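Chains as they are written, first to last, in the working numbering: chain Y, 1 to 157; chain F, 1 to 157; chain D, 1 to 157; chain G, 1 to 157.
Just so you know, these hints were derived from the structure itself, not from any lab. Mixed in with the good hints there might be a few duds.
A pair counts as met if it fits within one copy or between any two copies, since identical chains are not told apart.
[Claimed, not checked] Below, simulated PhoX-like cross-link-like pairs (lysine-lysine); rule was C-alpha separation at most 20 Å, straight line: (1) Lys56 / Lys120; (2) Lys56 / Lys33; (3) Lys15 / Lys148; (4) Lys5 / Lys55; (5) Lys71 / Lys120; (6) Lys120 / Lys33; (7) Lys5 / Lys71; (8) Lys33 / Lys145.
Computed from a prediction, not measured in an experiment: that's the story for all the values here.
There are 4 protein chains.
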Amino acid sequence: MRTQKITVSVIGGSKIDQEVEQLALEVGQIVAKLGAILVCGGLGGAMQAVSKGAKKAGGLTIGLLPGNDKKDANQYIDIALPTTIGFARNAMVAASADIIVALPGSHGTSCEISYGMVYKRPIIDLGNWDMDGMIKINSLEDLEKKLKLLIDEIVQS
Amino acid sequence: MRTQKITVSVIGGSKIDQEVEQLALEVGQIVAKLGAILVCGGLGGAMQAVSKGAKKAGGLTIGLLPGNDKKDANQYIDIALPTTIGFARNAMVAASADIIVALPGSHGTSCEISYGMVYKRPIIDLGNWDMDGMIKINSLEDLEKKLKLLIDEIVQS
Amino acid sequence: MRTQKITVSVIGGSKIDQEVEQLALEVGQIVAKLGAILVCGGLGGAMQAVSKGAKKAGGLTIGLLPGNDKKDANQYIDIALPTTIGFARNAMVAASADIIVALPGSHGTSCEISYGMVYKRPIIDLGNWDMDGMIKINSLEDLEKKLKLLIDEIVQS
Amino acid sequence: MRTQKITVSVIGGSKIDQEVEQLALEVGQIVAKLGAILVCGGLGGAMQAVSKGAKKAGGLTIGLLPGNDKKDANQYIDIALPTTIGFARNAMVAASADIIVALPGSHGTSCEISYGMVYKRPIIDLGNWDMDGMIKINSLEDLEKKLKLLIDEIVQS
Numbered sequence: 001m002r003t004q005k006i007t008v009s010v011i012g013g014s015k016i017d018q019e020v021e022q023l024a025l026e027v028g029q030i031v032a033k034l035g036a037i038l039v040c041g042g043l044g045g046a047m048q049a050v051s052k053g054a055k056k057a058g059g060l061t062i063g064l065l066p067g068n069d070k071k072d073a074n075q076y077i078d079i080a081l082p083t084t085i086g087f088a089r090n091a092m093v094a095a096s097a098d099i100i101v102a103l104p105g106s107h108g109t110s111c112e113i114s115y116g117m118v119y120k121r122p123i124i125d126l127g128n129w130d131m132d133g134m135i136k137i138n139s140l141e142d143l144e145k146k147l148k149l150l151i152d153e154i155v156q157s
Numbered sequence: 001m002r003t004q005k006i007t008v009s010v011i012g013g014s015k016i017d018q019e020v021e022q023l024a025l026e027v028g029q030i031v032a033k034l035g036a037i038l039v040c041g042g043l044g045g046a047m048q049a050v051s052k053g054a055k056k057a058g059g060l061t062i063g064l065l066p067g068n069d070k071k072d073a074n075q076y077i078d079i080a081l082p083t084t085i086g087f088a089r090n091a092m093v094a095a096s097a098d099i100i101v102a103l104p105g106s107h108g109t110s111c112e113i114s115y116g117m118v119y120k121r122p123i124i125d126l127g128n129w130d131m132d133g134m135i136k137i138n139s140l141e142d143l144e145k146k147l148k149l150l151i152d153e154i155v156q157s
Numbered sequence: 001m002r003t004q005k006i007t008v009s010v011i012g013g014s015k016i017d018q019e020v021e022q023l024a025l026e027v028g029q030i031v032a033k034l035g036a037i038l039v040c041g042g043l044g045g046a047m048q049a050v051s052k053g054a055k056k057a058g059g060l061t062i063g064l065l066p067g068n069d070k071k072d073a074n075q076y077i078d079i080a081l082p083t084t085i086g087f088a089r090n091a092m093v094a095a096s097a098d099i100i101v102a103l104p105g106s107h108g109t110s111c112e113i114s115y116g117m118v119y120k121r122p123i124i125d126l127g128n129w130d131m132d133g134m135i136k137i138n139s140l141e142d143l144e145k146k147l148k149l150l151i152d153e154i155v156q157s
Numbered sequence: 001m002r003t004q005k006i007t008v009s010v011i012g013g014s015k016i017d018q019e020v021e022q023l024a025l026e027v028g029q030i031v032a033k034l035g036a037i038l039v040c041g042g043l044g045g046a047m048q049a050v051s052k053g054a055k056k057a058g059g060l061t062i063g064l065l066p067g068n069d070k071k072d073a074n075q076y077i078d079i080a081l082p083t084t085i086g087f088a089r090n091a092m093v094a095a096s097a098d099i100i101v102a103l104p105g106s107h108g109t110s111c112e113i114s115y116g117m118v119y120k121r122p123i124i125d126l127g128n129w130d131m132d133g134m135i136k137i138n139s140l141e142d143l144e145k146k147l148k149l150l151i152d153e154i155v156q157s
């Protein structure tokens with residue numbers, strides 16, 4: 001039985017439309033509801049919306065910031081960790097996850113997906129990435145079920 | 001008023017004697033008692049002892065691991081974050097702190113003190129480092145008082 | 001007029017077939033022939049073949065190694081630079097380039113392409129990546145012409 | 001027989017007085033005269049002076065920049081490599097060296113000395129660091145002799 005807490009890294013674009021914002025918000029709520037800690041890049045866009053969602057559901061949020069100043073974090077981050085290593089921190093956002101959830105995003109997000117593959121983390125596809133090796137999910141109901149299943153497996157491993 | 005949680009990074013050697021182990025244990029308890037989150041390098045020696053102390057007092061512990069595997073963490077780490085960047089993660093241990101407490105240690109610890117200076121974090125000296133710019137403390141009572149003072153300042157800033 | 005030397009980062013898989021090996025060899029020769037310094041990840045596969053090609057044409061090769069030991073470099077690396085930061089060094093392989101040439105590869109390569117996009121380096125596509133923002137090239141003749149053009153622009157900027 | 005080129009990382013303060021500037025200039029000349037490649041942090045102060053010295057003696061200079069822009073390099077850098085990882089690049093300045101020469105400096109320099117210790121590189125002390133494990137040198141003549149000796153050992157290893 002693992003004693004460490006479960007972490008779910010949610011990755012997605014720093015510039016997003018309302019639809020993705022709503023999606024991120026709901027994903028954050030699901031992560032928190034399942035008792036997992038939300039890890040993200042700590043900045044704006046999908047990172048902010050998913051943190052807001054997690055806080056709304058009473059969760060704990062960690063922001064792995066690229067710079068060296070805690071003030072760079074969005075307002076929904078509980079624990080701001082300035083990595084100081086710029087976008088090389090994408091490696092850490094991926095490796096720090098027990099499970100990764102990928103929302104729509106741009107080059108930063110695809111970079112984190114690549115790291116997730118390299119470090120062999122399960123990656124749930126909520127962003128039409130359609131890549132081999134990702135877990136395709138079509139609804140929030142399915143996301144919650146799949147996350148619960150993966151979390152149970154990790155806890156018992 | 002800051003909403004983010006307060007983090008205290010405790011740094012010290014990975015190979016320590018019983019006296020330093022006892023010191024680390026008590027420092028961890030104080031950090032947790034003051035409601036701060038303990039951040040450390042997540043491995044053995046002072047990192048393990050301080051995590052054990054924090055857990056004993058009901059605190060939350062974060063381990064910034066050099067590698068990419070959560071299993072590298074000592075058993076008292078709640079949230080294991082594999083940074084993947086080796087000892088370059090020392091920069092992050094320092095920058096992730098609101099306050100740094102330096103126990104006796106070797107080159108890794110002095111490296112983290114240097115980063116603490118570069119990133120202008122307050123650094124409490126519990127390891128006879130005797131360096132300009134560190135805050136010299138002579139007892140655990142004084143440590144608790146000083147930490148409380150620094151935390152209050154940060155919360156109100 | 002820029003006085004710094006021109007660097008071309010060639011990225012590609014660490015496990016490659018003979019066809020890609022031959023391609024990498026020829027790309028290395030072209031980079032060296034144009035007077036640019038070859039930068040790569042320093043290990044095997046495409047990294048080794050492109051370094052071999054560059055050496056064959058009298059060029060200078062730099063390997064940005066993930067670990068901390070120069071002995072990890074392939075035998076065609078002149079200047080081995082152990083970054084110590086694991087695959088987070090992919091960010092550096094991309095950012096250290098004036099121009100990136102992408103051969104076929106896997107997650108590490110796509111990660112470096114993402115960083116190339118983030119850091120706005122010109123990226124030549126020799127690996128059927130077919131991504132928006134990359135420069136599609138269909139022959140080694142065209143590669144040489146395009147590289148020469150880009151190098152001339154940088155030298156004069 | 002090692003085929004890789006020898007690298008000497010020279011570390012020292014970014015703000016220096018005329019005496020240290022003159023020292024750095026002469027150290028750079030010695031490194032180049034011995035046929036080694038100069039590696040440094042690529043910015044101002046001792047980094048600029050040592051690069052100037054190396055160029056004066058016909059050497060090759062590499063700057064491991066903290067940011068992502070080659071334009072941050074001082075004018076004596078031949079090969080600018082933006083690491084993108086901020087001062088975590090100090091780990092790389094140390095690990096990329098076959099031999100480290102430490103000039104007077106501040107926290108960044110002491111950080112690099114710590115990494116040199118961690119990664120077991122020989123570190124020559126030209127900055128009154130007076131630390132166990134460093135090689136104390138008292139004159140530029142002795143520096144040249146010692147560097148030559150260390151280089152010969154590495155080449156033949």
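Hints versus structure:
Taking CA atoms no more than 20 Å apart as the test, Lys56 paired with Lys120 passes in neither setting, with 30 Å inside one copy and 33 Å between copies. In the homo-oligomer, the alpha carbons of Lys56 and Lys33 lie at most 20 Å apart inside one protomer (10 Å), although the nearest pairing across protomers, at 27 Å, exceeds that limit. For the identical chains of this complex, Lys15 and Lys148 are neighbours neither inside a copy (29 Å) nor across copies (36 Å), given an alpha-carbon limit of 20 Å. Taking the closest pair of Cα atoms, Lys5 and Lys55 come within 20 Å of each other both inside a single copy (17 Å) and across two copies (13 Å).
In this assembly of identical chains, Lys71 and Lys120 lie within 20 Å of each other by CA distance solely across copies; the values are 14 Å between and 32 Å within a copy. Taking identical chains as interchangeable, the C-alpha atoms of Lys120 and Lys33 are never at most 20 Å apart, the minima being 25 Å within one chain and 37 Å between chains. Taking the closest pair of Cα atoms, Lys5 and Lys71 come within 20 Å of each other only across two copies (12 Å); inside a single copy the shortest separation is 26 Å, beyond that limit. When the C-alpha separation of Lys33 and Lys145 is checked against a cutoff of 20 Å, the pair qualifies only within one copy, where the shortest distance is 12 Å, while the shortest distance between copies is 37 Å.
Checked against the numbered hints given earlier, the structure breaks hints 1, 3, 6 and satisfies all the rest.
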